[in-house]
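Chemist: Protein sequences, first through last, are from chains B and W. All residue numbers for the first sequence refer to our numbering, where the first residue is -19 and numbers rise by one. All residue numbers for the second sequence refer to our numbering, where the first residue is -19 and numbers rise by one.
Hint data in this document are derived by calculation from the structure and do not stem from the laboratory. Here the structure is a predicted model, which means the values were calculated and not measured. All residues carry an ideal CB built from backbone N, CA and C; glycine is no exception. Any given hint could be a false lead.
What the hints assert, rightly or not - The list that follows gives simulated cross-link-like pairs (lysine-lysine, BS3-like), each with its CA atoms no further than 25 Å apart:
no. : chain 1 : residue 1 : chain 2 : residue 2
1   : W       : Lys396    : B       : Lys30
2   : B       : Lys397    : B       : Lys37
3   : B       : Lys30     : W       : Lys161
4   : B       : Lys396    : B       : Lys37
5   : W       : Lys161    : W       : Lys397
6   : W       : Lys161    : B       : Lys37
7   : W       : Lys396    : W       : Lys30
8   : W       : Lys30     : B       : Lys37
Said to hold, decoys possible - Label pairs and their in silico Cβ distance ranges:
no. : chain 1 : residue 1 : chain 2 : residue 2 : range
9   : B       : Glu254    : W       : Glu334    : 44 to 54 Å
10  : B       : Pro257    : W       : Thr384    : 17 to 27 Å
11  : W       : Glu254    : B       : Ser104    : 20 to 30 Å
12  : W       : Ala354    : B       : Ala332    : 57 to 67 Å
13  : W       : Pro14     : B       : Asp286    : 24 to 34 Å
14  : W       : Ser137    : B       : Pro136    : 39 to 49 Å
15  : W       : Ala169    : B       : Asp201    : 15 to 25 Å
16  : B       : Asn381    : W       : Glu254    : 36 to 46 Å
17  : W       : Arg1      : B       : Arg98     : 36 to 46 Å
18  : W       : Leu59     : B       : Asn381    : 44 to 54 Å
19  : W       : Gly370    : B       : Arg98     : 50 to 60 Å
As the list claims (entries may be wrong) - So these bits of chain B aren't anywhere near chain W, every CB distance computed over 10 Å:
no. : residue
20  : His(-8)
21  : Met(-2)
22  : Ala27
23  : Glu43
24  : Ser84
25  : Ser164
26  : Cys200
27  : Leu237
28  : Pro246
29  : Glu248
30  : Val250
31  : Gly258
32  : Thr266
33  : Leu270
34  : Asn374
Okay, here's what each chain looks like letter by letter:
There are 2 protein chains.
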Amino acid sequence: MTHAAHIAHLTHASIELMDERDPLADLREQFIIPGGVIYLDGNSLGALPKSVPARMKQAIEQEWGIGLIRSWNDADWYLAPQRVGALIAGLIGAQPTEVIVCDSTSVNVFKVLVAACRMRPDRSVIVSERGNFPTNAYITAEVARLMGKTVVFVEPSEVDDAIESAGDDLVAVQLTEVNFKTASRYDMAAITERVHALGGCVVWDLCHSAGVLPVDLNGCDVDFAVGCTYKYLNGGPGSPAFLFAAERHLHQVDQPLPGWHGHARPFEFVQDYEPDPGIARMLTGTASQLGLLALEAALGVFAGLDMHVVRAKSVALTGLFISLVDTELAEFGFTVESPRDGTVRGSHVSLAHEHAYAITQALIARGVIGDFRAPNLLRFGFAPLYLRYGDVWNAVAIMRNVMTTAAWDAPEFLAKKAVT
Amino acid sequence: MTHAAHIAHLTHASIELMDERDPLADLREQFIIPGGVIYLDGNSLGALPKSVPARMKQAIEQEWGIGLIRSWNDADWYLAPQRVGALIAGLIGAQPTEVIVCDSTSVNVFKVLVAACRMRPDRSVIVSERGNFPTNAYITAEVARLMGKTVVFVEPSEVDDAIESAGDDLVAVQLTEVNFKTASRYDMAAITERVHALGGCVVWDLCHSAGVLPVDLNGCDVDFAVGCTYKYLNGGPGSPAFLFAAERHLHQVDQPLPGWHGHARPFEFVQDYEPDPGIARMLTGTASQLGLLALEAALGVFAGLDMHVVRAKSVALTGLFISLVDTELAEFGFTVESPRDGTVRGSHVSLAHEHAYAITQALIARGVIGDFRAPNLLRFGFAPLYLRYGDVWNAVAIMRNVMTTAAWDAPEFLAKKAVT
């Protein structure tokens, strides 16, 4: 390392020691990590668990190819949404019967938010965050339109006041625990308690929480939650989302996409809808089996893991990155846009820079894969199951090199791609 | 064949000749068909095209495993919903820019039916069929509830009258072209014309049409259509559904699940929703990539196919089956519940029988795979791309044997399975 002089309290040797002492170090062997890549985008698409290819070969060639329609029974396809939901329940503080895997996060936000409106028919205000992931804003606004409610979008610092202002007119609060840009984390327990004190419901989005933070839905008395499975849960591109509905609500949940798989007796093909008594009432159409089965195999890496240990490594990785950015990249104009307090930070770190897009592309070309978030953020995710402290060290060294040589200032890095 | 004496005008030799002269005979080689199986359930889950396993291995191991997040650009994941939609468009008489692949059929019915309601805000009646596939009934009733409309569910023979009765209060007609039980086929052109004459919209469900009938959406001036891809399109278990919206409507389609992938500029992450100008506005959340890529590979078998040739074989296969049921199984109490007129029959045939469930199970145990539809139907699908006339002959021979020996009257065939 030629940049050792820039580092105050961290040395390459100390980093090596952190990796040696890492209780999760062995997990990296369960993933495919391509050579020459430092993958800092597990918060967007998790790496491929090694268990997945063989499972998918079996699912496609044996279960589909040979079993054909029989596999809905013989290979237990039919109960996959519940079965995979139960695996995720264990990671988010829910009962196995409270979580189901289906559809996309957007569709699931729609289901639970309409259901929440129907539980509070005489109230009119939904509170959400202006900087929430856009799909939450779009779906929440649409739910309000359909149900005749009003959405108040506020800054994170104004959420408490907005809840108090809504008072006994509060229907629900829809927030994402960890912000997709800043990684700032809400206090789920405190906000949920405040909302309940006013008689409202909470709908928590766990997209950037599940699989990397110890979430305790029932401990926080949460009403509804949703989340995607292709980030820290490593389910693969576009893997189906999950949905949590608290047991105490299930018997009365009245969701707006009552497809046949949510029926109490779907294979009787009756004319009138009667919801399943349990979590299956949140289903709509036929489950995406290939996505479900890949996700189920991927979740095997979480067996027996203590999420507090995962969290501790996550905080250490992001903290190390911020320290190295401070010491190694001080002169290049980056601003840390994520909380410096690890307790309120998720597992990614965003840096603002006027040339964020081109720098991101230049880093990707050098094997340091993060992503760009408009208008000016470089976003780096730190997945504790397969990242090493040494990866963080090396990533910053490459960033320093890219900035020192202005390697990002080339036409190929300035031209925008469809997905950034 | 020991039952030759029962056959009047059909002989084994004539069946062999039909297979020899079949212009689609070579297509069977493009599918995995397990030994010992006569697969008469391609109307529920299509057989596995041989192209799929290798494509999925590449998608999982290379695109996900090595490409990681880069594959959204580099492997063109991002445009898969449009790209696969364009392939399906060619099979249903649509422009490539009018079809997109996403979500489930149920979710897509919801999207287009709400959109139709918003196009006819001052009207109040939706017409649908009482015997429609249940998910259509459930979703249609829910749309009516959310949008303040009334649904009139009628028998197929009453559809025309119900449309006339609704008159200038008609919002939309939601029908499935080919009934999932009887295989009875509506006259799409005539009904659509009648609905348009009254100023209403049509929402056609093509689940039992796409890939087996020559559908002509634009020739019929259809407004909206949806359908699944795991039946005759062979996309695999739970593969994503398709959605058609006529070009003339697209600029004004206002759908109720406006997720980020439907936004005009999703990667700018702006707070306010602005729909994509084209068919992508029908998208909601992140696409199910594994399902999309399997489907894309599966659709390769349709390249260059003339759907009228496929239809001719479909009519011949179902007609042969009905003839053989008439001659071979006359004494066993089956009633043909599908139209005998091939022009108004889809590609499956349903037989009523008081022991339908047990007989279906006994046939499956003998390798003749059909399915049971409550309360008393045996349903047999005839996929022209991989079924031979000889398969139909052999299936009926096995049915005769099962009935003659009463092999179905055993405990293992009487016990119900979860999915039937």
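Chemist: Decide, hint by hint, whether the structure agrees.
Modeler: Taking the hints in turn, this is what the structure says about them:
Distance restraint check for lysine 396/W and lysine 30/B: the Cα-Cα separation of roughly 37 Å exceeds the 25 Å cut-off, and the hinted pair is therefore not satisfied. Distance restraint check for lysine 397/B and lysine 37/B: the Cα-Cα separation of roughly 32 Å exceeds the 25 Å cut-off, and the hinted pair is therefore not satisfied. This hinted pair does not check out: lysine 30/B and lysine 161/W have alpha carbons roughly 43 Å apart, beyond 25 Å. For the suggested pair lysine 396/B and lysine 37/B, the alpha carbons sit about 36 Å apart, so the restraint of at most 25 Å is broken.
Straight-line distance between C-alpha atoms of lysine 161/W and lysine 397/W comes to about 19 Å, which keeps the hinted pair within the 25 Å bound. Taking the CA atoms of lysine 161/W and lysine 37/B, the gap is near 33 Å; set against the 25 Å cutoff, the hint is violated. Between lysine 396/W and lysine 30/W the CA atoms are separated by roughly 32 Å; this puts the pair beyond 25 Å, and the hint is violated. Between the alpha carbons of lysine 30/W and lysine 37/B the distance comes to roughly 13 Å, so the proposed pair stays at or under 25 Å and holds.
Take glutamate 254/B and glutamate 334/W: their Cβ atoms lie about 26 Å apart, and the range 44 to 54 Å is violated. The hint said 17 to 27 Å for the Cβ distance between proline 257/B and threonine 384/W, and at roughly 43 Å that hint is violated. For glutamate 254/W paired with serine 104/B, a C-beta distance near 26 Å keeps the hint of 20 to 30 Å intact. Judged by the Cβ atoms, the range 57 to 67 Å given for alanine 354/W and alanine 332/B holds: they are separated by roughly 60 Å.
Against the hinted window of 24 to 34 Å, the Cβ-Cβ separation of proline 14/W and aspartate 286/B comes to about 44 Å, which falls outside the hint. The supplied range of 39 to 49 Å is broken by serine 137/W and proline 136/B, whose beta-carbon atoms lie about 59 Å from each other. Checked against the hint of 15 to 25 Å, the pair alanine 169/W and aspartate 201/B fails, with Cβ atoms roughly 56 Å apart. The given range of 36 to 46 Å is respected by asparagine 381/B and glutamate 254/W, whose C-beta atoms sit roughly 40 Å from each other.
Between arginine 1/W and arginine 98/B the C-beta distance comes to about 60 Å, which lies outside the given range of 36 to 46 Å. At roughly 34 Å, the beta-carbon separation of leucine 59/W and asparagine 381/B lies outside the given 44 to 54 Å, and the hint is violated. Our hint of 50 to 60 Å for glycine 370/W and arginine 98/B holds, since their Cβ atoms are close to 56 Å apart. No beta-carbon of chain W comes within 10 Å of the beta-carbon of histidine -8/B; the shortest separation is about 26 Å.
Annotated as non-interface, methionine -2/B keeps its C-beta farther than 10 Å from every C-beta of chain W; the closest such distance is 24 Å. Separation of alanine 27/B from chain W is inadequate, the least Cβ-Cβ distance of about 7 Å not exceeding the 10 Å criterion. Distance check on glutamate 43/B: its Cβ comes as close as 8 Å (rounded) to a Cβ of chain W, failing to clear the 10 Å threshold; non-interface status is violated. A cut-off of 10 Å between C-beta atoms contradicts the statement that serine 84/B is not in contact with chain W; the least separation is 3 Å.
Residue placement check: serine 164/B keeps its beta carbon more than 10 Å from all beta carbons of chain W (closest about 16 Å). Under the 10 Å C-beta cut-off, the non-interface status given to cysteine 200/B relative to chain W holds; the minimum distance is some 25 Å. Leucine 237/B, annotated as away from the interface, has a beta carbon of chain W within 10 Å; the closest lies near 6 Å. Not every Cβ of chain W is farther than 10 Å from the Cβ of proline 246/B; the closest lies at roughly 8 Å, contradicting the non-interface assignment.
Listed as outside the interface, glutamate 248/B is inconsistent with that label: its C-beta sits roughly 5 Å from the nearest C-beta of chain W, within the 10 Å cut-off. The Cβ of valine 250/B sits about 7 Å from the closest Cβ of chain W, inside the 10 Å cut-off, so the non-interface label is violated. No Cβ of chain W comes within 10 Å of the Cβ of glycine 258/B; the nearest lies about 15 Å off, and the non-interface call holds. With 10 Å as the threshold on Cβ separation, the claim that threonine 266/B sits away from chain W is violated: the shortest Cβ distance comes to roughly 5 Å.
Not every C-beta of chain W lies more than 10 Å from that of leucine 270/B, the closest at about 5 Å, which undercuts listing it as non-interface. Non-interface call for asparagine 374/B relative to chain W: holds, since the shortest CB-CB distance, roughly 17 Å, exceeds 10 Å.
Violation of the numbered hints given earlier is confined to hints 1, 2, 3, 4, 6, 7, 9, 10, 13, 14, 15, 17, 18, 22, 23, 24, 27, 28, 29, 30, 32, 33; the remaining hints are satisfied by the structure.
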